[in-house]
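Visitor: Residues per chain, in single letters:
2 protein chains.
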Amino acid sequence: MSTTPDSAVHAYLTAHRDTFLADLADWLRIPSVSADPGHTPDVRRSAEWLAAKLTATGFPTAEIWETDGHPAVFAHWPSDDPDAPTVLVYGHHDVQPATRDDGWHTDPFEPHTADGKLYARGAADDKGQVFFHTLGVRAHLAATGRTTPAVHLKLLIEGEEESGSPHFPDLIARHADRLACDAVIVSDTGMWSKDTPTVCTGMRGLTDCQIDLHGPDQDIHSGSFGGAVPNPATEAARLAAALHDTDRRVTVPGFYDGVIPLTDQERALFAELPFDEAAWLSTAHSHATLGEADHTTLERIWARPTAEVNGISGGYQGPGGKTIVPATAQLKLSFRLVAGQDTDAVQQAVRDWVAAQLPDGIRHTLTFWGATRPCLTPLDHPALQSVVRAMGRAFGQKIRFTREGGSGPAADLQDVLGVPVLFLGISIPSDGWHAPNEKVELDLLLKGAETTAHLWGDLAEHWHTT
Amino acid sequence: MSTTPDSAVHAYLTAHRDTFLADLADWLRIPSVSADPGHTPDVRRSAEWLAAKLTATGFPTAEIWETDGHPAVFAHWPSDDPDAPTVLVYGHHDVQPATRDDGWHTDPFEPHTADGKLYARGAADDKGQVFFHTLGVRAHLAATGRTTPAVHLKLLIEGEEESGSPHFPDLIARHADRLACDAVIVSDTGMWSKDTPTVCTGMRGLTDCQIDLHGPDQDIHSGSFGGAVPNPATEAARLAAALHDTDRRVTVPGFYDGVIPLTDQERALFAELPFDEAAWLSTAHSHATLGEADHTTLERIWARPTAEVNGISGGYQGPGGKTIVPATAQLKLSFRLVAGQDTDAVQQAVRDWVAAQLPDGIRHTLTFWGATRPCLTPLDHPALQSVVRAMGRAFGQKIRFTREGGSGPAADLQDVLGVPVLFLGISIPSDGWHAPNEKVELDLLLKGAETTAHLWGDLAEHWHTT
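These protein sequence lines are chains A and B, in that order. If you're matching positions, the first sequence starts at 1 in UniProt numbering and goes up one per residue. If you're matching positions, the second sequence starts at 1 in UniProt numbering and goes up one per residue.
Because the hints were derived from the structure by calculation, they are not lab data. Since the model is a prediction, treat every value here as computed from it, not as a measurement. Ideal Cβ positions, reconstructed from N, Cα and C, are used throughout, including at glycine. Treat the hints with caution; some may be incorrect.
[Unchecked claim] Not everything, but these chain B residues come out facing chain A in the computed CB check (under 10 Å):
#1 A11
#2 S34
#3 H214
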């Protein structure tokens, strides 16, 4: 099996670029916000749109898979070589909430292109990165003259990733036979930068929760009662503040249990990357770094577990002042987890810790929205080399290694299907995931398609030699 | 000068009760919320309504006094005895914010009477307690046959008390000559209970502020950046949490400077009151007491300075989760102050403390809404005895002593006018100041009027003997 000719791939991509982008824009117009019950019909519409598009792409099988929450999409295009390896591509079709009021310059669900960038909620996270696979597999066929892919190609595109994938473990357990594969390719991550293409070797896990605190049965006068009864806003603040010690380490007992420490090799590889703190801060729209003592910024975001306050509220928030002790307060917390941590154990540790912090007179409820397990691919895994070679051809550069601070349900796939998980993402830090004015770079989208146009041949060729 | 006959006072109050209550209801319909700029015209309308009503009551002088904020009302009814003492009654015509959504059973600005109680925002705090003076002075005249009050009677009813009286010191300084008096009567406080009438001997001061914290320039992804940059919601929580130590003492350096400690006599008087913790908690709509170590609940709310979180907000507050590091957070804090504390010094201490707490990368602004100074009347002050006697006649019971945890600009009057400040309030703890379903007890409103019907004669009689 020979490698796919570059020129034929380029010709195909050039010829189909405009149609590809117009189709992607249609998909981005569907506000598939999984966290907001008001958008439930839109998440289903997004799944149906994708299934129809995969059928049109040529997948003989393209199905909606129901869950107890939002639906996923499964597609399968078998190779005509029965001995070919089977690859499962993972992505998601749901998106984060977005409204103009958050600071978007244009409607987040009306894609617009400017200066080589496509702006829309989901452009990078993750519709764009799912969608380049449709163009990539067609380019692979066109450039090789094949009628089926060189690998048995499966896609599983879920609809609840932005809500912590609560039904994903059940989904893949139920369909484990149809999802059977030799490797998973996750396309829901990023690269170091436009100029430094990288392959990601692991993702952090995530579990997030909401804590509702109840003090007085109604707002009460702070002069008549303040200083003598528990204040739920104060207690919410004390919880949030007590999450970290002065070294910004998480204080929840047992939180760090099992954490696989960074090796000297990994710390050295991180340190080799061209990290520019000022540029990184600019991408983070932030004005200083702050995090766990004795760790670099990259170590903090890639390889260390963290706790974050995503939202806090309680009491009067209108103009001026209102001298009350509020009746209620609310805290939204998320915990990023790394390989070795057990999500169930972390949730229990948080529950125990919260209950132990609160004084008499404050009732609370704690709801975890979901849990996504961390995962880590060994640096020397042979299948990783196929991804590195395919990316190297598309980008014409040496490919380096990173990890991903964000989270995806990759570890569930790894555990349930018993196969290695590889990462192929073309997003870059400035793409603004979860933020206003999310975008994707058009040329990188096409490099993603080009990488997969090379990848399936490379994997098929090298699989049995590894 | 003989004392006012009880029967004549009763007859007057009975005959004029319905008109009095109907007039009060008209005033309560004006939503004079001083903290909300949207209600600025209503605060003015409230002042104009009151001035017209005082003119109708018989005050030869009833004027709107402008400030740089909301207007106050001044009225003057000289006695025909030039040697009579001059008394200045203080109250306020502005009210706390209130909407049905806060938990009101009926429209807060559409008064309704049920079971001997009048429900409306401002019914007790403070329109009801201002308004009983109009009925009381007429009863005083009717029962004594006088055509002018036995004292030179002045009223100053301000429009910014619920906003911390930011322009009150300037107002009284500008008009000090017209406000000149021998004593101030503040009608903006409460009694121990319906069954235990009391005179208040001091009020706590108040200063409240808003702190806005700015971290990232926009909300950012907590997976990509969380754990490596400062989070303003976390920092708001850390500020709020750091306000108190584990003994619930305020940690701001210098906060307790100058505090006049409780005497053994005062602690004993507090301890003699029939304090029922379960009943008090019920009134507080709370489920446990919590406050400064080594102090009783009454000491905490009456005689100790406190810090309270009135509101906190930052980040995502919609349904479900959103894994962000938020761009901004906000904290609304109030500080109750006691005699001996300097409000300017406390504000500066808070400013210094906040600035010292925040890490690099978090910008902040801090705005104080205003300051109300604490005040304390000596237990043995002779003018206090007139109030105690007049209340004793109206209530037919022994009058005991309390303090007031809430705040009013009494100390400014004391300082600028150089006179003692006395307190005459008929509200009770269950009246729900600043809370939903605020109400006033109709029979206590009339006891307030009855007290003043006796008070002016008693003061005139005893003034020159003290």
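Visitor: Next item in the hint list is S34(B). Is there a CB on chain A closer than 10 Å to its CB?
Guide: holds, 8 Å
Visitor: Holds or violated: H214(B) as interface residue toward chain A, Cβ cutoff 10 Å?
Guide: holds, 9 Å
Visitor: Could you check if A11(B) really has its C-beta closer than 10 Å to a C-beta on chain A?
Guide: violated, 36 Å
Consistency note: the structure conflicts with earlier hint 1 alone.
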